[in-house]
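Here's the letter readout for the chains.
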Amino acid sequence: MAHFPKPLEGSWTEHYPGLGTAPVSYKDSYDPDYWQQEIDTIFKKEWLCVGRVERLGRGGSYFTREFPWAKRSIVVVKDRDGTVRAFYNVCRHRGNKLVWDDFPNEETSGVCRQFSCKYHGWRYDLDGSLAFIQQEEEFFNVDKDSLGLVPVACDVWEGFIFVNLDPEPQQTLAEALAPLSEGLAGYPFGEMTQTYEVRSEINSNWKLFIDAFVEFYHAPVLHQRQATAEESQKLASIGFEGLHYELFSPHSMVSSWGGMSPPKDPRMVKPIENLLRSGLFGPWDKPAAVNDNQNLPPLLNPSKHRAWGIDSFVLWPNFMILFWETGWYLTYTYWPLGPSKHLFESTLNFAPPENASQRAAQEFAFSTFKEYAFQDANTLEATQTMIESEVVDTFMLNDQEILCRHHHAAVREQVEANGRPESYPWMPTPASANGE
Amino acid sequence: MSNTATLPADFADLAPFTDWALDTWRERYEKRLASSMDEMQAFYDAMMPRLTEILEHCDRFDLHDLPDEARNLLLLAFSLCEASFPVEAWRQPRVPDSGSADLEMVREPPL
Numbered sequence: 059m060a061h062f063p064k065p066l067e068g069s070w071t072e073h074y075p076g077l078g079t080a081p082v083s084y085k086d087s088y089d090p091d092y093w094q095q096e097i098d099t100i101f102k103k104e105w106l107c108v109g110r111v112e113r114l115g116r117g118g119s120y121f122t123r124e125f126p127w128a129k130r131s132i133v134v135v136k137d138r139d140g141t142v143r144a145f146y147n148v149c150r151h152r153g154n155k156l157v158w159d160d161f162p163n164e165e166t167s168g169v170c171r172q173f174s175c176k177y178h179g180w181r182y183d184l185d186g187s188l189a190f191i192q193q194e195e196e197f198f199n200v201d202k203d204s205l206g207l208v209p210v211a212c213d214v215w216e217g218f219i220f221v222n223l224d225p226e227p228q229q230t231l232a233e234a235l236a237p238l239s240e241g242l243a244g245y246p247f248g249e250m251t252q253t254y255e256v257r258s259e260i261n262s263n264w265k266l267f268i269d270a271f272v273e274f275y276h277a278p279v280l281h282q283r284q285a286t287a288e289e290s291q292k293l294a295s296i297g298f299e300g301l302h303y304e305l306f307s308p309h310s311m312v313s314s315w316g317g318m319s320p321p322k323d324p325r326m327v328k329p330i331e332n333l334l335r336s337g338l339f340g341p342w343d344k345p346a347a348v349n350d351n352q353n354l355p356p357l358l359n360p361s362k363h364r365a366w367g368i369d370s371f372v373l374w375p376n377f378m379i380l381f382w383e384t385g386w387y388l389t390y391t392y393w394p395l396g397p398s399k400h401l402f403e404s405t406l407n408f409a410p411p412e413n414a415s416q417r418a419a420q421e422f423a424f425s426t427f428k429e430y431a432f433q434d435a436n437t438l439e440a441t442q443t444m445i446e447s448e449v450v451d452t453f454m455l456n457d458q459e460i461l462c463r464h465h466h467a468a469v470r471e472q473v474e475a476n477g478r479p480e481s482y483p484w485m486p487t488p489a490s491a492n493g494e
Numbered sequence: 089m090s091n092t093a094t095l096p097a098d099f100a101d102l103a104p105f106t107d108w109a110l111d112t113w114r115e116r117y118e119k120r121l122a123s124s125m126d127e128m129q130a131f132y133d134a135m136m137p138r139l140t141e142i143l144e145h146c147d148r149f150d151l152h153d154l155p156d157e158a159r160n161l162l163l164l165a166f167s168l169c170e171a172s173f174p175v176e177a178w179r180q181p182r183v184p185d186s187g188s189a190d191l192e193m194v195r196e197p198p199l
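Protein chains in written order, with this note's numbering: chain A, 59 to 494; chain B, 89 to 199.
Don't read these hints as lab results, they were simulated from the structure. Some hints could be false.
Simulated coverage check for chain A against chain B, where a stretch passes if three residues somewhere in it have a Cβ under 8 Å from a Cβ of chain B [unchecked claim]:
1) 245 to 254
2) 330 to 340
3) 417 to 425
4) 428 to 440
Beta carbons are placed, not taken as given, at the ideal position from N, Cα and C, and that holds for glycine.
Given the sequences, and given the hints that come with them, work out the whole structure.
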């Protein structure tokens with residue numbers, strides 16, 4: 059019995075008929091050749107979020123990002139006029155990595171006037187142009203203007219910095235993010251600067267962790283011991299139903315009930331949660347920045363339900379933003395490191411606390427998030443190894459897992475459009491991920 | 089930080105637990121993993137009845153300019169966040185079934 063209304067077709071999945079309802083193969087999550095096709099047709103072609111503008115303070119601030127899946131490293135830098143640019147991290151002289159500290163394969167950040175190569179001292183201005191060659195007169199036919207750092211397409215949306223490794227991106231960032239670019243604009247991201255950032259290498263395909271975070275069907279079961287006994291029993295008997303699902307293919311979103319700010323019944327929550335007024339859903343007391351959710355961007359809480367707790371958006375291909383009713387947001391980014399391995403990055407972003415109580419409430423929200431993430435992450439390794447065993451070749455997805463079905467289909471669509479689909483006989487007949 | 093950390097006079101009863109006054113999340117998490125359930129239960133039992141007073145005490149100061157004693161107190165509260173999960177939910181130091189999972193803290197708000 060549905061507690062929340064579904065579309066007229068009877069299910070969220072059938073509302074998008076191109077998705078189908080059949081069991082699916084998960085070979086797309088361990089096949090090495092398919093993984094390489096994802097890199098070539100998606101990760102080297104799409105806009106990828108590399109961080110927030112708040113990481114770049116005054117002009118000259120920079121950070122590096124390692125993309126081992128593309129054998130590339132990039133430098134993201136803020137010029138003195140405030141422009142954010144990205145360059146490949148390669149000196150034009152003899153190919154040394156330009157910006158690094160101690161360990162060449164580790165990311166770094168800092169502030170500088172110019173980038174100076176550690177090897178022979180070539181220097182580059184913040185706009186990438188070559189400024190200085192050590193013993194320039196020793197070189198032959200030097201044209202400094204043609205020896206700037208190699209640029210990477212870079213643009214900013216609502217303070218999120220994106221890069222695109224395609225030398226000629228097929229879409230602008232705003233086009234690629236549409237309709238989310240406008241539908242989520244105006245959220246006070248820039249005021250939520252109290253940030254925790256974590257990362258973890260996980261022994262699963264990158265898509266499996268997206269699967270885990272775009273369905274809440276698992277929550278009452280996998281995380282049941284995180285709730286009080288009474289609450290967990292109730293959750294398990296009800297299961298999970300989303301308030302709303304929507305595809306903006308290749309992007310997607312799920313809206314969920316939940317939250318407890320503050321909870322109706324103190325017995326629902328654990329003793330420390332009552333004292334700190336905080337929990338998985340964040341601090342119970344909303345920051346002024348969200349104005350009691352009176353000015354939410356149009357795509358948030360689409361069902362306008364009063365039990366609204368969280369909206370999770372997948373920003374194609376590998377970035378998620380989760381908006382909590384309590385007034386903070388989470389990001390997840392998934393970087394493929396191999397068919398069965400990925401780097402998971404997450405940020406928790408709160409309004410700066412005004413006092414120790416608020417600071418402690420945020421610390422507890424982080425602590426709680428991490429307990430859940432541990433459970434989610436370890437389950438992925440258990441899934442990855444068993445789908446690779448090929449004992450079972452198709453798997454069941456229910457209506458609450460529509461976004462899992464959709465994301466794999468969207469990947470498949472792009473691989474098929476740009477790759478070598480004849481190599482993947484195990485993939486179902488092409489179906490349009492946007493349901494048309 | 090070590091067990092030489094000092095606390096405000098009103099919180100002298102928490103002195104046996106000042107080795108929980110640790111600067112970073114990583115240190116607090118590792119302290120949790122290295123502690124027995126008895127040790128965490130004792131810390132939890134001592135801290136929970138004082139938590140509201142701890143926050144009231146710390147709230148009297150500018151968060152960005154906390155006196156050392158108040159700062160130590162707040163760090164104890166952060167460690168309590170970590171210790172609360174084994175005590176209130178897991179009955180063991182580690183998250184159950186979290187085997188090989190780990191997290192690296194890349195950046196955290198300073199205190």
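Determine which of the earlier numbered hints do not hold for this structure and return their numbers in increasing order.
Of the numbered hints, all hold.
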